[in-house]
Amino acid sequence: MFGYYLDLAWRSLRRTPVMTALMVLAIGLGIGASMTMLTVLHVMSDDPLPDRSAHLFVPHLDPRPANFTQNLYAPDASANFTYPDAMALVSSRQAVRQAAMAGGTLLARRSGTGHTPFYADGRFTTPDFFAMFDLSFLSGSAWSQADEDARARVVVLSESLSREVFGTADSVGRIAHLNDADLRVVGVTRDWQPNPMFYADADAKEFSDADRFFLPLSTSLDLKFNTNGNQSSWAGSIEHNSPTLTWLQVWVQLDTASEVTAYRRYLADYAGQQKKLGRYERSADSAHLYSLMEWLAIERKVPSDIHLQVWLALAFLAVCITNIVALLLAKFLRRGGEISVRRAMGARRRDIFIQLATESAVIGFAGGVLGLILAQLGLWSVRHRPDDYAHLASMDGPMLAFTFALALGASLLAGLLPAWRACRITPALQLKTQ
Amino acid sequence: MTPEFRHVLSSLRAHRVPALLVIFEIALACAVLCNAVFMIGQRMSDMHLPNAIDEQGIVVVSMRGGDAAGAAGSVPRDLEALRSIAGVQAAGSVTSVPLDNNGQNDAFGTSPDARMEDAASVTLEYSFLGEGADKALGLHLLQGRFFTAEEYANSSLRPELMPRSHVAIITQSLAQRIWPGQSAIGKVMYSKPLWYTVVGVIADVLCSNDAVRSGGDRGFYYGAFFPIDPAGSVGAFSPANPQTNYVLRSLPAERDRVLGEAVRRLKQLNPAAVIQAKRFTDVRDQYFADNASVAITLAVICVIMLLVTAFGIVGLTSFWVRQRRRQIGIRRAIGASRRQVVYYFQTENFLLSTIGVMLGMALAFGINLYLMQHYQMQHMPWYYLPAGALTLWLLGQLAVLGPALRAAQVPPMVATRAA
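One line per chain: the protein sequences are A and H, in this order.
Position 154 of the first sequence, counting from 1, maps to 154 under UniProt numbering, and the rest follow consecutively.
Position 53 of the second sequence, counting from 1, maps to 53 under UniProt numbering, and the rest follow consecutively.
Please note that the accuracy of each hint is not assured.
[Unchecked claim] Pairs of lysine to any residue residues, derived as SDA-like cross-links and limited to a Cα-Cα distance of at most 20 Å, are as follows: (1) A:205 with H:101; (2) A:205 with H:285; (3) H:135 with H:159.
Don't read these hints as lab results, they were simulated from the structure.
Produce the complete structure using the sequences and hints provided.
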């Protein structure tokens, strides 16, 4: 039966080629535009660490004075941690793993002479960082807590930086010169670039930056390395260990619900205790614990421009669908005669409805193919944009399937009303007037 | 009500569903069009904001990672080498240039107790000028004076990375914002424990910081400049990671040659440094590149949407024409002229479009309010609404013309046939 309906649909569509082409074009354009933008949104709001994200949490404390007015457009001064708070959380060891961190850019030199130095981005952090975020080592390992405490001159390189500096991925034991400091390589990790770079300060280019070296936070402070990212202070002092300067990020790993509850309690207790000591002016309720995905939503790592363009593309799809509803209605009602003959010869309303729905689906399928081509074209143009997320814009398998589902769904939805109207045609009346 | 109009109304009542669909499509298209064009307009106007420096003649050379200890001493030497390049009219060191996203920001008030975090303090973007940088940038003085040689020499950095001297030059828009209706010259701005006397007011220079631009309509222009000595200009960003930016000004025709020569000479003097050079026009283009790409995307979507809407109207009207061949024939037979048949379909479309654009304008306004709440969108000026409405009206009339003319060709004979 379905084959017969397909055949009928094909004949009917061929009878009105211009109208058919218009409908396929409309649905193709609508699908193309909305899938381009939805794909960009999808790749940008994807889980950066699907295996680990359920275990990763970011604590939030608010050491700002009670009368602090936050400029809406300026970075949130409480999004980062002060050095004393970060160190208190990390050294308390209340979570399974915990690390404090900040980004930095250092001048690297290739081994040998006569090379121009270059800048590399990396992270100053504490030893749990690697196990918590599940970085894999090609050789060597992370530094130890003892190294951290001793401000050891050690560094972990990414594979790409190791190759660039030493010409080999195996550089453990060699000395890297970063900003005129000599650091011993203790480990080399596989290149690691979660998208977005969820653990970085909001100031980073989250979709294009990647850390290429890691070194102990204590060492970086000892060497007076500068950090990237927002630093907010409210009492004048910009010493790194000032209790009124926020600049560090803290992440913790918690594996079970009870651990999460316990850590929440710990944070509230900590904030309450700081208030009692007179350091905090805000109540213990200002302490929070967010999961990784919650944190991404709060920090709005997806630029609002993208949201606007998604809405626009969906509105455009709605215009296209309305258009197709009108055209299908016109098309189906024009075939009153044919429908009446089929009804008179015994076809039930349901049969007519399914026949017409098949015809809509054929249009939807053709529109989906066109839409897919247009979406690839659209994504190609997005990849040539200057934005830092541009390189991510390409479709994966599920998005490809979703494109077809959306095209078929949209055309079936568009065919619903016209098909329903058409199958209610009274055969006798139609046949008589013919 | 003309008889034409009555005919149209009664026939529309008979085709309620398709008529409603056309109205809905026009309303939606109108609402999307108004908002999208408004967004495009905002981005385009941002891109064309005037900037009172010599944009065409400036080259910016940044130098990082030289010998940290010698960097301060090298500034006068480097500048001397740069100034001796043929065609260079002026050169100076700066910590940042407009739109390079490196400006720093702070908030100042007018009372001696004003602090940065006070709600009444005005957020501004500042950068430091080394001696000669005012001329190199081509800043345009409106009132007062530029810094003196003494002020440059005596201005080292405080631990908060602010200058020790107590003088500032601010933009005209910032002067108006802090001291409306008064001359800013000689007035003092405070951000405890810092204070600076305004010695000069310059024509508006753009700044890049979102926190500053949010300060009001002219927020793009809330900028200030402080003098700095050579050592300060090297460490103003990050004392441990010295960076020097030199600005060179020449005639636009000689700019590219000056750029190449400047890089060559600085490399010779500072072999260990990482040197990058840009034309200011590149800095500006890069800053607004995002705006341009978004504007193009929106414009493409708008054009395609209007085309789809027009095709929809053509398709539906063609169907109506075919469906009403007999009626048209009868009307022609009893004396209606071809013009009147065309006029009939135009009236029909006009009626549907009018209802559509009315709804569309209301919808557009609603969408704008929603976007203002959720996406930091600005208020859409009222004239976007009638402009969008007019566009769809014209589009509708244009789309209906083809099918209407075909309807006018229906011969009166049709009336005598069965169907």
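Taking the hints in turn, this is what the structure says about them:
1. Distance restraint check for residue 205 (chain A) and residue 101 (chain H): the Cα-Cα separation of roughly 13 Å lies within the 20 Å cut-off, and the hinted pair is therefore satisfied.
2. Taken as a hint, the residue 205 (chain A) and residue 285 (chain H) pair is honoured in the structure, with Cα atoms around 19 Å apart against an allowance of 20 Å.
3. A threshold of 20 Å between alpha carbons decides the hint, and for residue 135 (chain H) with residue 159 (chain H) the separation of about 28 Å lies outside it, so the pair is violated.
Checked against the numbered hints given earlier, this structure breaks only hint 3.
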